[in-house]
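For the sequence shown, position 228 matches number 228 in my numbering, and the numbering has no gaps at all.
Since the hints were derived computationally from the structure, they do not count as laboratory data.
In this text the structure is predicted, and so the values were computed from the model without any measurement.
All C-beta atoms, glycine included, are put in the ideal place defined by N, C-alpha and C.
Among these hints, one or two may not hold up.
[What the hints assert, rightly or not] Beta-carbon label-pair distances, calculated as ranges:
1) N244 with D182: 43 to 49 Å
2) G54 with L29: 32 to 38 Å
3) G183 with D23: 24 to 30 Å
4) F15 with N244: 23 to 29 Å
5) R230 with G183: 37 to 43 Å
6) F18 with F185: 40 to 46 Å
7) I28 with Q87: 32 to 38 Å
8) M12 with S187: 53 to 59 Å
9) D23 with N244: 20 to 26 Å
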Amino acid sequence: GFLFTDVKFLTMNNFYVFIIHNDVWIYILAGLGLVWYISEFLRGQRILQRAVFGLERETGSRIRNTAVIFIILFTGIIGSVIYVNNQIAPALPQELLRPPTPTPNIFQTPLASPSPINPVAVEDLPPQPAVVATITLPGNAAPLPFETAVPGQPTPTYTPSGPTPTPFIACTTNLNIQEPRDGAFVSGVLAFNGTADTPNFGHYSLEANGPQTSGQWASLLGRTITQPVRDGFLGNVNLSQWGNGPYLIRLTAVDANGNLTGQCVIQVTLNN
């Protein structure tokens, strides 16, 4: 008996909450219904006043009686909503009147960045096919083809021709990759934006290290770029044929004497 009473009480409370949350719409719909059936009541009255034959009087009476029933019904609905708002709502528990807690959007939950690959651990893998990419260099109107970067071939070693500057292995205001962001998921044609404008600037290069390159650093642009860039376009590359997975992207700056002045490394995940 107590269980039935509790269930009934909970059901009525939910019904009252529904009325309170939707009272405006109930007022609008009931008001429109009242307007319609009041006009029907008046139409039935006019038919009865002009009726000569029994069939006309019967039609007028049916329209009028139906209108009276719905007028009483809609008036009762409006009165019930007013009663619930003024008499029952103040006595309901406050937690019932609170809006429901929104459901978290799993698509806006930040994804954890994949662990960086270990180039040393994959050096014994079998050679991969030659890396071929289409690039657009700063100042060019259209992508230009470039030479094939062969995995396994080490990148050139820079030979200092003067006093050796202290290189940095970090992204700074003078050497950075702004797009894509570190940890981003990318696919297809990848455009690089950022800054390569170190002191005594000579040139910069972009390289990648990941599943497609067998743990070796491979050139993305196929050449070095001799004009500095600040908060602008560094180049782009078509990676639609590359294998999926995490890749390290390295932006290297060299001064006019051929000395390595800095490197900026980020990680992206290719997902074609």
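A quick look at each hint next to the structure:
{"no.": "1", "hint": "N244 with D182: 43 to 49 Å", "verdict": "violated, 18 Å"}
{"no.": "2", "hint": "G54 with L29: 32 to 38 Å", "verdict": "holds, 36 Å"}
{"no.": "3", "hint": "G183 with D23: 24 to 30 Å", "verdict": "violated, 48 Å"}
{"no.": "4", "hint": "F15 with N244: 23 to 29 Å", "verdict": "violated, 53 Å"}
{"no.": "5", "hint": "R230 with G183: 37 to 43 Å", "verdict": "violated, 24 Å"}
{"no.": "6", "hint": "F18 with F185: 40 to 46 Å", "verdict": "holds, 43 Å"}
{"no.": "7", "hint": "I28 with Q87: 32 to 38 Å", "verdict": "violated, 22 Å"}
{"no.": "8", "hint": "M12 with S187: 53 to 59 Å", "verdict": "holds, 55 Å"}
{"no.": "9", "hint": "D23 with N244: 20 to 26 Å", "verdict": "violated, 54 Å"}
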